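Novice: Sequence:
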Amino acid sequence: MCPFCGGTGIPCNGVHEKRTTVGLLRGGGTVYVILYCPECNGLGYRPKGGWVGKNKPDSSIPASGPKTTEKELERIQEIGDKYGCHTCGTKQPQGNGRWVADHVPPTAICEAAEEVGAIHPRQQLRPQCPECSAKQSAQVKKHKKEIQQWTRPPYTRENPKRCNRHRQRRIYS
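The C-terminal residue of the sequence shown carries number 154 in the working numbering, and the numbering is unbroken.
To be clear, the hints were calculated from the coordinates, so they are not data collected in a lab.
Careful: at least some of the hints might be erroneous.
The following label-pair restraints were derived from C-beta to C-beta distances [what the hints assert, rightly or not]:
{"no.": "1", "residue 1": "Glu95", "residue 2": "Lys72", "range": "31 to 37 angstroms"}
{"no.": "2", "residue 1": "Leu54", "residue 2": "Ala119", "range": "21 to 27 angstroms"}
{"no.": "3", "residue 1": "Lys52", "residue 2": "Asn77", "range": "15 to 21 angstroms"}
{"no.": "4", "residue 1": "Ala119", "residue 2": "Asp39", "range": "26 to 32 angstroms"}
{"no.": "5", "residue 1": "Thr50", "residue 2": "Glu92", "range": "15 to 21 angstroms"}
{"no.": "6", "residue 1": "Lys126", "residue 2": "Glu55", "range": "16 to 22 angstroms"}
{"no.": "7", "residue 1": "Gln58", "residue 2": "Lys126", "range": "30 to 36 angstroms"}
{"no.": "8", "residue 1": "Asp39", "residue 2": "Lys123", "range": "28 to 34 angstroms"}
{"no.": "9", "residue 1": "Ser118", "residue 2": "Gly78", "range": "18 to 24 angstroms"}
{"no.": "10", "residue 1": "Lys126", "residue 2": "Lys63", "range": "20 to 26 angstroms"}
{"no.": "11", "residue 1": "Pro111", "residue 2": "Ile42", "range": "17 to 23 angstroms"}
{"no.": "12", "residue 1": "Ser118", "residue 2": "Gly46", "range": "24 to 30 angstroms"}
Small disclaimer: the values here were computed from a predicted structure and weren't measured.
Just so it is clear, CB atoms sit at the ideal spot from N, CA and C, and this is done for glycine as well.
Go ahead and model the full structure; you've got the sequences and the hints to work with.
Specialist: Spelled out as structure tokens, the structure:
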């Protein structure tokens, strides 16, 4: 289980240290933030050997959209051959021997967040082995359903919601 998100992958929809913004929800003059855990990339568990969250400046490329282009896929193969899977750290992808271009944050999460009024963030592409990609896909589907079911009162500075998991006040812009 990931120690930063407690195994959920998307710990809550508040602002915390060690979390990454997926999107901003705007409603009634209040800005909401949807997060995913960058330590486990939303998986809910932290495989040993991965390099998520570690400083590797040339380890990702900007995504041009939800579908990966041939040029992006070629670059992901180069990055994967250099660093391995960003989730588990394996240096040799199983199956067809090619790296999967993993969108960070996941496209399905971004699209679900947009459906409830979020701003689509800039995405990065990182190499991921097919096995980790399949595991992440199952988690992302679960998180997508969770986001689509979100309804909540308009929390503000005057009416803050506390995060039960982290016992911190949420921060609003």
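Novice: Now tell me, hint by hint, if it's right for this structure.
Specialist: Do the hints match the structure? See the list:
1. Glu95 <-> Lys72: 31 to 37 angstroms: For Glu95 and Lys72 the Cβ distance comes to about 35 angstroms; the hint holds.
2. Leu54 <-> Ala119: 21 to 27 angstroms: holds, 23 angstroms
3. Lys52 <-> Asn77: 15 to 21 angstroms: At roughly 19 angstroms between Cβ atoms, Asn77 and Lys52 fall inside 15 to 21 angstroms, so the hint holds.
4. Ala119 <-> Asp39: 26 to 32 angstroms: Once the Cβ atoms are compared, 30 angstroms apart, the range 26 to 32 angstroms for Asp39 and Ala119 holds.
5. Thr50 <-> Glu92: 15 to 21 angstroms: holds, 19 angstroms
6. Lys126 <-> Glu55: 16 to 22 angstroms: The hinted range 16 to 22 angstroms is violated for Lys126 and Glu55, with Cβ atoms some 34 angstroms apart.
7. Gln58 <-> Lys126: 30 to 36 angstroms: holds, 32 angstroms
8. Asp39 <-> Lys123: 28 to 34 angstroms: holds, 32 angstroms
9. Ser118 <-> Gly78: 18 to 24 angstroms: holds, 20 angstroms
10. Lys126 <-> Lys63: 20 to 26 angstroms: violated, 35 angstroms
11. Pro111 <-> Ile42: 17 to 23 angstroms: holds, 19 angstroms
12. Ser118 <-> Gly46: 24 to 30 angstroms: Violated: the Cβ-Cβ distance is about 19 angstroms, outside 24 to 30 angstroms.
Hint violations for this structure: numbers 6, 10 and 12, all remaining hints satisfied.
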